[in-house]
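> Spelled out, the chains give:
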Amino acid sequence: MREAMPKWADLVLIPLASLVLAFALSALVILAIGEDPVAAVRMMVSGALGSTYAWGYTLYYATNFIFTGLAVAVAFQARLFNIGGEGQAMLGGLGVALICLSLPWPHWALALPAAALGAALFGAAWAAIPAWLQATRGSHIVITTIMFNFIAAAVLNYLLVNVMRPIGAMDPATAKFPPGTHLPSLHDLLAPFGIAFSRAAPANITFLIAIAACVLVWLILWRTRLGYEIRAYGQSEPAALYAGIRPVRIVMAAMLISGALAGLMAVNNVMGEAERLVLNAVEGAGFIGIAVALMGRSHPFGVFLAALLFGFLYQGGAELALWTDIPREMIVVIQALVILFTGALDNMVRMPLERLFLALRRGRP
Amino acid sequence: MDFATALQILDSTVRLATPLLLACLAGLFSERAGIFDIGLEGKMLASAFFSAAVAAVTGSVWLGLSAGIAASLVMAAIHGAASISFRGNQLISGVAINFLAAGLTVVIAQTWFSQGGRTPSLIGAARFEPITLPLAETLHPVPILGPIYHELISGHTLPVYLAFALVPLSWWVLNRTRFGLRLRAVGENPEALDTAGVSVAATRYAAVAICGVLCGIAGAYLATALQAGFVKDMTAGRGFIALAALIFAKWRPWQAMGATLLFGFLQAIALRYQNIDLGGVVLPVQVMDALPYVLTVVILAGFVGRAIPPRAGGTPYMKER
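Heads up: the protein sequence lines correspond to chains Y and B, in order. Numbers 2 to 366, taken from my numbering, label the letters of the first sequence in order. Numbers 1035 to 1355, taken from my numbering, label the letters of the second sequence in order.
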């Protein structure tokens, strides 16, 4: 029996159709609150793509979403739903802060690998307990990772208020990181090539690390034995068991990689942008990773594209909130609709399209 | 701690446990029917906003409550369509509903009231008033029992009494009625129900609708009784604490009441004391914040009394052809 649809339709057409539906509904919401959707789109495009300053913010947000999107995608490949990206990224921030503040770093080139390692280790450690409980005790990973998000928030709140706050400071945040940990921005990186990029925008070298992470995740998933086992386990657990794949090992490996990727996001927002650890540094990026992974069909390249799209939406939405009466939360609505249509209502989009393709095929034998 | 302080903390426990209990019972009906629901938070939030908005405009808490329930039912309908009719992923649908509510409530609140994503403060008949039970004043001078009756049992708003009355009612519906039997069966073994000629989809939609109504009452209670109006993200994770309580209670009504009272007590303590001195060891307030979640993970891990969810939970039902 042939598939109802060609592969390109499954990979490109369905996500696009879902996106169109999500955007159409968002446009209706904008109309309903008495604003002009066309003008809104125009403003978003100029605000997110119209200058190197705008691009700098779009790419900065996209970097966050690449990491959290990859984190969710890797877990999805093993059919695990990691909702804990938010908490893992928080803990990643703690790892970055501890490393940046512990030594008087002479140069960012030394501080960056150390901080990235710290971020990945702390993120992975926060994913390890839910992973181990899922693998050995069968505790539902969705619930445990949600609980760990809240526990992470409490831990960070405690550490920032009671332990890591500099004496005399009022706001719950760590001290400013030493100058030796200052990461080069895209402005610094592109200047030697004679390309003028905005100095004020927060996009930094972490964007390149995010692209490298996409390639690395692709290599792990499709070019290594472990990746094969992760995907096999995700496709069919009984078949994987029969092939001698150990579930405990796969669940642990997939979740540790996932947690490490979520933790790595902190290199971008904590080290690259804020240069200190503040409360709520993640700002929901861990959850946006869910939308990004669904949209990107759990493939690193898809995640990259979807993260760019959400970076655009985020920066464009901030501009809208600045210049119009459309509040910033409109982005949360769009994000919700994308998750709804690409994730939960997938069949609603898929079934009519499948019928269409079947009818086309019957018409042309 | 003197008697009066203890009474105050317990009184605040009851107030704080009420939205948790309503949401927990909501989740109980849905999950016992095999529909996982991590969208309790979103349904409560939607109801909190619409109940406060309508109550603020009309001045009637009852119209507010109806609007809240309606909003929550719309969210429940989306969740039902996604997880029953379109056989989608119930967890992802729940996540989407949480974000939809978080975003839409602020967008609409800003458009309607232009007060930075809140509703105007509710006064008078736009809120649920405390109910003084009969003889509360007369019995007040009676030692111990008098103050307990006066402070702790009397003087709550209507949804509080409703929430606690719903506990035995839920138990009775689930365990002593035909509908309850079907609801539990559809969560454990939907094939059996289908074979018996009962519609799996209809039973599950009914459960999801009950969940919507109860979340609606919980949200309306938050905005019109516990507080006086809607503010952005006012549910503050209560939907997830209710979910934790549901697991803690192993999906049973009486235990749900116990678990939500425990978690409400932790919230009441955290509200009143910043740090708790336990004879030398000082517990920071964040421990109280994290305790419900830690306890739930411990229970889920199965080291202390294993929690086993309904067997068909989370899986869409496909009729055999």
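Don't read these hints as lab results, they were simulated from the structure. Since the structure is predicted, the reported quantities are computational estimates derived from the model, not experimental observations. One thing to keep in mind: the hints can contain errors.
Unchecked claim - Okay, the calculated bits of chain Y under chain B, using three or more residues with CB under 8 Å as the criterion: (1) 65-78; (2) 115-129; (3) 143-151; (4) 226-240; (5) 324-333.
Claimed, not checked - Partial pick of chain B residues on the chain Y-facing surface, computed with a CB cut under 8 Å: (6) 1122; (7) 1154; (8) 1268; (9) 1270; (10) 1271; (11) 1334.
We treat Cβ as the ideally placed atom computed from N, Cα and C, and that holds for glycine.
> Against this structure, judge whether each hint is valid.
These are the hints, each one checked on the structure:
{"no.": "1", "hint": "65-78", "result": "violated (count 0)"}
{"no.": "2", "hint": "115-129", "result": "violated (count 0)"}
{"no.": "3", "hint": "143-151", "result": "holds (count 7)"}
{"no.": "4", "hint": "226-240", "result": "violated (count 0)"}
{"no.": "5", "hint": "324-333", "result": "holds (count 7)"}
{"no.": "6", "hint": "1122", "result": "holds (4 Å)"}
{"no.": "7", "hint": "1154", "result": "violated (17 Å)"}
{"no.": "8", "hint": "1268", "result": "violated (14 Å)"}
{"no.": "9", "hint": "1270", "result": "violated (11 Å)"}
{"no.": "10", "hint": "1271", "result": "holds (6 Å)"}
{"no.": "11", "hint": "1334", "result": "holds (4 Å)"}
Consistency with the previously given hints fails for numbers 1, 2, 4, 7, 8, 9, ordered from lowest to highest.
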